[in-house]
Every structure is written in C-alpha cells, then in structure tokens.
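Q: These are the residues of each chain, in order.
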Amino acid sequence: MFRSIRWTLQLWHAAILGMALASFGTALYLVVSRAQLSQMDAELEGAARVLASGPPGPPPDEDGPGERRPPWEKGGPPKTRFGMGGPEPNGPPGPPRHPPGGPPGPTPEEWWTQLPRTALRRVGQDEQDQPYFIIWGMRGEVLQASLSSLDVPLPDSEHRERTTEDGAVVPFASSAVDSPPPSVGDPEYRQRGMLREVIVHGPFGITVLVGKSVRSEQATLQQLRWKLLGAGAGVLAIGLCGGWLLSRRVTRPIQTISETARAISASDLSRRISVSEADTELGSLAQTLNDTFERLETAFARQVRFTADASHELRTPLSIIHSHAELALTRDRTAPEYKQAMETCLRAAKRTKSLVDALLVLARADAGKLDLKCERFDLREAADEALAMVTPRAQERNVTLETDLQSVEVEADRTRILQLLTNLLVNAIQYNREGGRVTLTIGQEGLDAVLKVEDTGVGIAAQDQPRVFERFFRADKARSREAGGSGLGLAICQSIVEAHHGSISFTSRPGEGTIFIVRLPLYGRVSSPPLPVRR
Amino acid sequence: MRILVVEDEPDLLSVVAQSLREAGYAVDTAADGEDGLFKAQGGQYDALVLDLMLPQLDGWAVLKTLRSAGNSVPVLILTARDALPDRVRGLDCGADDYLTKPFELAELFARLRAIIRRSAGKPNSIAQIGDVQVDTIRKCVSKGGQTVCLTPREYALVEFLTLHRGELVTRSMLYDHLFDEDDDSLSNLMDVHVSNVRKKLGKDFIVTRRGQGYLLEGEMPADGPGKELDTSGGRADV
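Chains A and B are the protein sequences, given in the same order.
Position 146, counted from 1, in the first sequence is what this note's numbering calls 146; the numbers after and before it change by one each time, with no gaps.
When you read off a place in the second sequence, starting at 1, and then add 535, the result is the number in this note's numbering.
No wet-lab data here; the hints were simulated from the structure.
Bear in mind the structure is a predicted one, so any value in this text is a computation, not a measurement.
We put the CB at the ideal spot given by N, CA and C, even for glycine.
One or more of the hints may lead you astray.
[Claimed, not checked] Far from chain A, some chain B residues (derived; all Cβ distances over 10 Å):
no. : residue
1   : V551
2   : I672
3   : S677
4   : M725
5   : V729
6   : K735
7   : L750
[To be verified] Per label pair, the in silico range of CB-to-CB distance:
no. : chain 1 : residue 1 : chain 2 : residue 2 : range
8   : B       : E752      : A       : A301      : 56 to 62 Å
9   : B       : G559      : A       : T334      : 35 to 41 Å
10  : B       : L619      : A       : G242      : 36 to 42 Å
11  : A       : L269      : B       : A645      : 20 to 26 Å
12  : A       : S267      : B       : A645      : 35 to 41 Å
13  : A       : A266      : B       : E569      : 39 to 45 Å
All chains, full assembly: derive it from the sequences and hints.
A: Written out as structure tokens, the structure reads:
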C-alpha cells in the first residue's frame, strides 16, 4: 500500500513541506533571537559607554591636541544621561566639581566612586531583571557597583573573555589593566549564565561592566518557539490534507484507467477505456492503451481464426482416415475394398503431411527461424528447375508455359526460392482456364531482381483481393482441393519473400488473369542477415 | 430411412454415405451447399447430415434457408469447426445436433437415430406392436420372443412404419423414404416387401387402406394412438 503512487506522492510531499517549514521556522527564530540579543547589547553598551566616559564634557579624544586634561577638569554640571533608566528618582549626584583652572581635585576614580549605586535602576521591574553595573579601577579594585552586582567577577586578563558571534569563547586580548586605553574602547560582550554583560574600558584604566538578566527574553523566545512549532504543525497538517486530496485527484483517473484496463484484459478485449480528456497526459495514456487493445484484439482475432482454420484443415483428413479405417473394419471386406480404403487413407495422410509441413514453415517464419541457407545463384537456373517440376501439371490442364528469362544473380536460399517459384506457378496453372497460358518473366529493375508470374485465369475478385495472402484463404475452395492446396501457399510465398528482404504483390483483373510480382535484392545488395518475419 | 449427406470432401462424403448405406439407410449426397439445399428442399429426407464449410453456400446459410422455408427435417451438423461460437451458431440456426470431426461412426449413427426418433415424436428406441417388438438400435425384429429374419429392405419398411405407427403411410411416402435417388426399383416391388413382411410377422401386422396406403395399428401402453396423431400433426412434410 505504501508503495502506491499516492503514498509516494504523499510521503514526498510531507518530507518537502516539513523541511521547508523547519527551515523557515529555524530562520525566523534565529533572526528574532539575534535581533533581541543585539538590541539588548546595544542598550547595555549605551549604558556602559555613558558610565565609562566619565564626567560629562567633550570626550578626551575630541579635544584639541593641546588640551590633555582629565574630563572632570573641564567642569560643567553633570547630567543624567543613563538612557536606560530614565530620570532616576534620587538622581545621580553630580560628580565632583572642579572649578576651571583650580588645583586638581580628587583622583579620577572618585568620580566613579561617587556614582549612585542605583544609577541604572528602573522602576517597577523584577529585582532579577534589573540592569546592573560595576566599575573597576586601574588596579582591579571596585570603584562602584550597583546594588545587585557585588559578586560579578573582574574580567581580568585571565578571565576576561569575549563571546564571539557563533558562541565560541575566546580569551580576551591582554590589554587591560597595565596599559589602559586612553578613551572608551570597543565593547566586549560576555554571557554568564542567564546574564548578558557588556564590558567597556574607559579612560584612566577603568573598566565598566553593565549587565542584565536575559530571563524574560529567554521566556519570550521560548514562547516564540512554541508558537512556531504550533503554527508549523498546523501548516503541515493543512498541507498534508491538501496533498492527500490533490494526490487523490491525480491518482483517481489513473486508478480508473488501470481498473478498466484490467477488466478489459481479463474478460473482453472489445471494450475500450473512455477517453474524456483527450488532451491531458492521462487522456493520451488512455488513447495509447486503447490503441494497444485494438492491436491486441486484431491479433487475437487473427490468431483465433488461424487456429480454427488450422484445426479444421487438420481434422478433415484425420476424420477421413478415421472413418475409412473404421468402416473397413466393421465387417470382412474384399481385397479391392481394403485396397481402396488404404488408398484413401494414404491420400489423406499425405495431405496431412503437406499441411503440417506448410504450418511448420509458417511457424518458423513467424519465429524468425526460417534458417535460410543463403548462397549465390542464378534465378534463371532455379526457374528452369521449377518449370520442369510443374510441366506435367500444366500439360494435364492443357496450360501453355511461356518464359522470358534473363540471367539474374541473387543471394538467397535456393530451396525456398524454388518453393516460392513452384507455389506461384502451380497457382497460376491451377487457377487458369482450360487451354490458358502462364508466363514466367525474370529480369532486373534497378537494384532488384524481378520475377513475374502471369496467368490468363479467372482473376481474383475485388472483395477477395485484400485476403489473398491470408492463411487458409481460398478464392475457390473446390479448385484448391483439386490441386491439393492447403490455402497456405501464398502465405508461405509471402513469408519466404519477406525473409529475403523482398516484396510480393499482385495485380488482377477478374476474368482476364493475375500477375504476381516478386522483387528480391540483387546479389551483393544484401549486407545484413535476413530479418525475422514479424506479424 | 432416407438421409441426405452434404459434404465437400469427396473422401469423407463417400465414407459417410457408404457406412450409412451399410447401416440400412437410403442415402443421397451433395458436394456443395447449393446442391445440398436444392435436394433438401425437394426430397423427403428423414435426416440431413450437413457440413458447415461448403463451397458456394455454407452450411449455416443452407440451414437458415431451409428453416425459414418451413422445412423441419432433422439436421445433424458434422463439421471440423469445433469452436464454441460455431457450435452455438449452428444450433441456433436450427440444427438438431452437432458432431465434430473426427468422429466415431457409431456415434454418428446413434445421433441420427436419436434426432429421427425425436422428430417423429417416438423417443423410445424399442417399439412393441402387438406381439412384435422392433429394436431400432440392434435393427432386429422379434415376434413372440422369437427373432424374425428380415432383409434390410424389409427391416427398413418395418422401421419406417413403426416410426409412423398410427399414421397412414402412403406408397409414395414409402418410396420417398426407403429408396435413394439412384434406386430404380419398380413400384410393385413395394408390394413384394409388404407381403414378405406379412408372411413373417403376421397377416394383420400391416393394414392396407385400399387406394390410400398402409397403416400399422400397434397400440402401445406408453404412448397411445391419440397422442401419436397429435404429434404427427406437426409433420406436414411426411
């Protein structure tokens, strides 16, 4: 059942649809999760940069070449720029103010030290989901940390790692503490359990880390996974149902055709598949099948007729032998009576033998096993031989034999060609009128040896002409029996000629006579072995 | 009993005809369909043996023409065509029986006897007329348990009269059915046969209706004369 076209279609359909849905879902999921991660990274990075850049003012790298002062020396009121948090209720206290041009104030760390620990806090968030920060000084000491980030490890040269995009963890470059970058460097990202952290190196060797739990994002992604799975399953189910209906639509006409064809081949070859949509592929398939049935039916009918005819022809002499022997044995008979019975039996036996021989020749020709022993010979010599054989019969019927023979060489089976000539001549004599004439002509036309047998007989009636080469067809049954004919002579002639790659045809005018024309390839023209005769 | 054999194989025609003659039938022959049809329409036959594959007019056509002309002579088809459609077609055309070649002569005879009996409405092969018993299979007649020796012609006469017992059988009917077309017996020979049979089977065995013909008045317990008259009504050609 699973090997049927319908199931094959369905399984392939399911596999392809499933694969497409899976790829689509995976791609969608990846895109969404990446987008979420990069958004979070951007927020964290923004916060980290603000923290790392230190006191407000133009960043050091934006200053002119001559102004190399720490940022806090530039003064100006600090502003809250922690984008993530919005306005903080308690507000970040301003970093220490230094009057311009005044003596240097506190050490650079002090600015960070004085940052409120709630700098990044948001309102109304879970404690777990609150962003946190931690700021290390040049020597790795904690300058300031938010409320919940006291246990965050320092990303030192041994521990500092960054997570590449593909998730692999590579050691951090040994930059860091000893040679702090002069300004805010490139951010580094790391994943620590459910925590996403961004590390930024600020001026004066400080390191700022801002992190946040990704729990809620993970939960969102988990939800997305389930939704995608559900939607994918739904689409797959709909697709499979559609595919099942579609495959039924495709296979139903095939099934109908196959069932009809089975019924036809099993019972009645005369039935046909109804061709409703002739221009579709299935319509042409049905038409092809119908044509095949047509040929099969014709072939079967011919076979049945041939078998019936052969059986009839064989039974008749057999019943003659049987009945004569039976009658002769019913009582004691005189010697002449026995003799007559034996003669009749012998006659019938001979007839059976010639019929069996003829059937055997035809069967061999049909199977392509005529076993031609091809040799090179002159058709004229074969014709002379055949004429010698039929002369007594011609004299018996008072038929004149005329000839016009040229020397033509062919490569053929001499015995078969002799049989062909004899058959044609005997027919011409037998179906001739009393005192008629038979003319045998042998010549050459182009690359063919042409052999004509012309008679002055009754001719062949127009309705009989298509059936002349048919097996067991006799135009005149009584006359045929007189000649000892089986009705197979011309069929045999045709088989012989076809086996030699030749052709046989005739023209006939009822009442005037018939001409049989045989064309055989000349010697040297036959290159391929004789083809089997196909019917 | 007179039988027409239509067969185009001369050797087979001769053997069938000869064997039937040896079995005591009068036999006519025809070698093609047209001749066969002509003879069957003209002659008074008790049965026809018909081949199917005949020159000029095939057996089916002969049969159809005969039946459509109202001829009800029993016909046995004897042919080499043994295929089912041929047999069906033969029987449907009006044949009474179908026998395929090659055949046993004994079977041919038995089938002929059967269709002749059936068409005469006397299905029993042994007839009892008074103390005379006629066995149509063994072709012997006995009187009072004693076998009576009859010549083939005398037996044929008794058999024909027995088949048509209770019916008036005219002299021309006897001539038609007991002699074939080549027989040139003189008319008074029939009287000789009748008188010989009377000598052997009893004076009253055959009743003479002067100026009309002969009558066999055997009463049979199984089928009475009334029934016989009914069934003989269908045989208008006899």
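Q: Are the hints correct? Go through all of them and say.
A: Hint-by-hint comparison with the structure:
The claim that V551(B) lies off the interface is violated: its Cβ sits roughly 7 Å from the closest Cβ of chain A, which falls inside the 10 Å cut-off. Every Cβ of chain A is farther than 10 Å from the Cβ of I672(B); the closest lies at roughly 16 Å, confirming the non-interface assignment. With a cut of 10 Å on Cβ distances, S677(B) stays outside the contact zone with chain A, its closest approach being about 23 Å. Distance check on M725(B): its Cβ is at least 28 Å (rounded) from any Cβ of chain A, clearing the 10 Å threshold; non-interface status holds.
Non-interface call for V729(B) relative to chain A: holds, since the shortest CB-CB distance, roughly 29 Å, exceeds 10 Å. Consistency note on K735(B): stated as away from chain A, and its beta-carbon is indeed over 10 Å from all of that chain's, at 24 Å minimum. No beta-carbon of chain A comes within 10 Å of the beta-carbon of L750(B); the shortest separation is about 35 Å. Hint check: E752(B) to A301(A), Cβ distance near 59 Å, so the stated range 56 to 62 Å holds.
The hinted window of 35 to 41 Å between G559(B) and T334(A) is violated, with their beta carbons roughly 20 Å apart. Range check, L619(B) to G242(A): about 53 Å between beta-carbon atoms, so the 36 to 42 Å window is missed. About 39 Å separates the C-beta atoms of L269(A) and A645(B), a value inconsistent with the hinted range of 20 to 26 Å. Between S267(A) and A645(B) the beta carbons are some 37 Å apart, a value that agrees with the proposed interval 35 to 41 Å.
Between A266(A) and E569(B) the beta carbon distance is about 44 Å. The supplied range of 39 to 45 Å therefore holds.
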